[in-house]
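Chemist: Which chain is which? The protein sequence lines are A and B, in order.
Throughout the first sequence, residue numbering follows the working numbering, covering 1 to 115 in sequence.
Throughout the second sequence, residue numbering follows the working numbering, covering 1 to 112 in sequence.
Derived from the structure by calculation, the hints contain no laboratory data.
One or more hints might be untrue.
[What the hints assert, rightly or not] Computed list of lysine-lysine pairs in DSS-like fashion (alpha-carbon distance at most 27 angstroms, straight line):
#1 LYS99(B) to LYS40(A)
#2 LYS36(A) to LYS19(A)
#3 LYS18(A) to LYS41(A)
#4 LYS41(A) to LYS77(B)
#5 LYS99(B) to LYS56(B)
#6 LYS77(B) to LYS40(A)
#7 LYS41(A) to LYS19(A)
#8 LYS68(B) to LYS56(B)
#9 LYS77(B) to LYS60(B)
#10 LYS99(B) to LYS52(B)
#11 LYS40(A) to LYS22(A)
#12 LYS22(A) to LYS41(A)
#13 LYS60(B) to LYS22(A)
#14 LYS99(B) to LYS22(A)
#15 LYS99(B) to LYS36(A)
#16 LYS18(A) to LYS36(A)
#17 LYS40(A) to LYS19(A)
#18 LYS77(B) to LYS56(B)
[As the list claims (entries may be wrong)] Just a sample of chain A residues kept apart from chain B, beta carbon distances all over 12 angstroms, derived:
#19 VAL4
#20 GLN6
#21 THR16
#22 SER62
#23 SER65
[What the hints assert, rightly or not] Computed spacing ranges between beta-carbons, pair by pair:
#24 GLU44(A) to THR70(B): 37 to 43 angstroms
#25 LYS60(B) to ASN70(A): 44 to 50 angstroms
#26 LYS18(A) to GLU69(B): 28 to 34 angstroms
#27 PRO40(B) to PRO61(A): 26 to 32 angstroms
#28 SER3(B) to MET15(A): 44 to 50 angstroms
#29 ARG9(A) to GLN109(B): 47 to 53 angstroms
#30 GLY95(B) to THR5(A): 25 to 31 angstroms
Nothing here was measured: the structure is a model prediction, and the numbers come from that model.
No residue lacks a Cβ here, since even glycine has one placed at the ideal position from N, Cα and C.
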Amino acid sequence: ETGVTQTPRHLVMGMTNKKSLKCEQHLGHNAMYWYKQSAKKPLELMFVYSLEERVENNSVPSRFSPECPNSSHLFLHLHTLQPEDSALYLCASSQDGTGGRGEQFFGPGTRLTVL
Amino acid sequence: GNSVTQMEGPVTLSEEAFLTINCTYTATGYPSLFWYVQYPGEGLQLLLKATKADDKGSNKGFEATYRKETTSFHLEKGSVQVSDSAVYFCALTTGTASKLTFGTGTRLQVTL
């Protein structure tokens, strides 16, 4: 595998379900991100992890819970979601600090539908 | 704070037409500027970038020049193809990648 991978690619869940999204980066980066992309809305940055520490949490509801067990893996745990949470969830990674060139690398996304 | 403004889409062009997608920015300091592209059903991919004034980024026939005097980074392509149909995002950072600021995206539809 190369780049940034995300699983599953598609997920349909009910409002009472619990599920997790997984992201893995194979680029040796030290920072990882979750974004939400909804139709006709700007890209929303949800969480940022740098060196496995959460450095940003942009007022995201507690029904979204991120986890970063190491620099290569990032999870987004979902529970009791609402239909308006249906969106494309994108993971990205970057090399921050010395050696970084400012760009983020994105995975293909997980298309989430909440019924 | 930093911000990026893109022209609203969708932009609809015939194949082989000339493309311009406008992008202007406000930033503290000296930003690096990026264009990302998102093809249907995929994540964002870096298309090109420029890190200092007057730099020209180019890739796949697309070009953008970092204009400090007009705070702009317009994306251009001389002859678009149907395969260029996608959403294009302008972005900037004045620090590390974790501080990347995106525009709202411009959808391009190219028809035969």
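Chemist: Evaluate each hint against the coordinates.
Modeler: Tested hints:
no., hint, in the structure
1, LYS99(B) to LYS40(A), "holds (23 angstroms)"
2, LYS36(A) to LYS19(A), "holds (16 angstroms)"
3, LYS18(A) to LYS41(A), "holds (26 angstroms)"
4, LYS41(A) to LYS77(B), "holds (26 angstroms)"
5, LYS99(B) to LYS56(B), "holds (22 angstroms)"
6, LYS77(B) to LYS40(A), "holds (25 angstroms)"
7, LYS41(A) to LYS19(A), "holds (24 angstroms)"
8, LYS68(B) to LYS56(B), "holds (12 angstroms)"
9, LYS77(B) to LYS60(B), "holds (9 angstroms)"
10, LYS99(B) to LYS52(B), "holds (17 angstroms)"
11, LYS40(A) to LYS22(A), "holds (25 angstroms)"
12, LYS22(A) to LYS41(A), "holds (23 angstroms)"
13, LYS60(B) to LYS22(A), "violated (31 angstroms)"
14, LYS99(B) to LYS22(A), "holds (23 angstroms)"
15, LYS99(B) to LYS36(A), "holds (16 angstroms)"
16, LYS18(A) to LYS36(A), "holds (18 angstroms)"
17, LYS40(A) to LYS19(A), "holds (25 angstroms)"
18, LYS77(B) to LYS56(B), "holds (13 angstroms)"
19, VAL4, "violated (7 angstroms)"
20, GLN6, "violated (8 angstroms)"
21, THR16, "holds (28 angstroms)"
22, SER62, "holds (23 angstroms)"
23, SER65, "holds (20 angstroms)"
24, GLU44(A) to THR70(B): 37 to 43 angstroms, "violated (29 angstroms)"
25, LYS60(B) to ASN70(A): 44 to 50 angstroms, "violated (34 angstroms)"
26, LYS18(A) to GLU69(B): 28 to 34 angstroms, "violated (53 angstroms)"
27, PRO40(B) to PRO61(A): 26 to 32 angstroms, "holds (28 angstroms)"
28, SER3(B) to MET15(A): 44 to 50 angstroms, "violated (35 angstroms)"
29, ARG9(A) to GLN109(B): 47 to 53 angstroms, "violated (24 angstroms)"
30, GLY95(B) to THR5(A): 25 to 31 angstroms, "holds (27 angstroms)"
The structure fails hints 13, 19, 20, 24, 25, 26, 28 and 29 (numbered hints given earlier, in ascending order).
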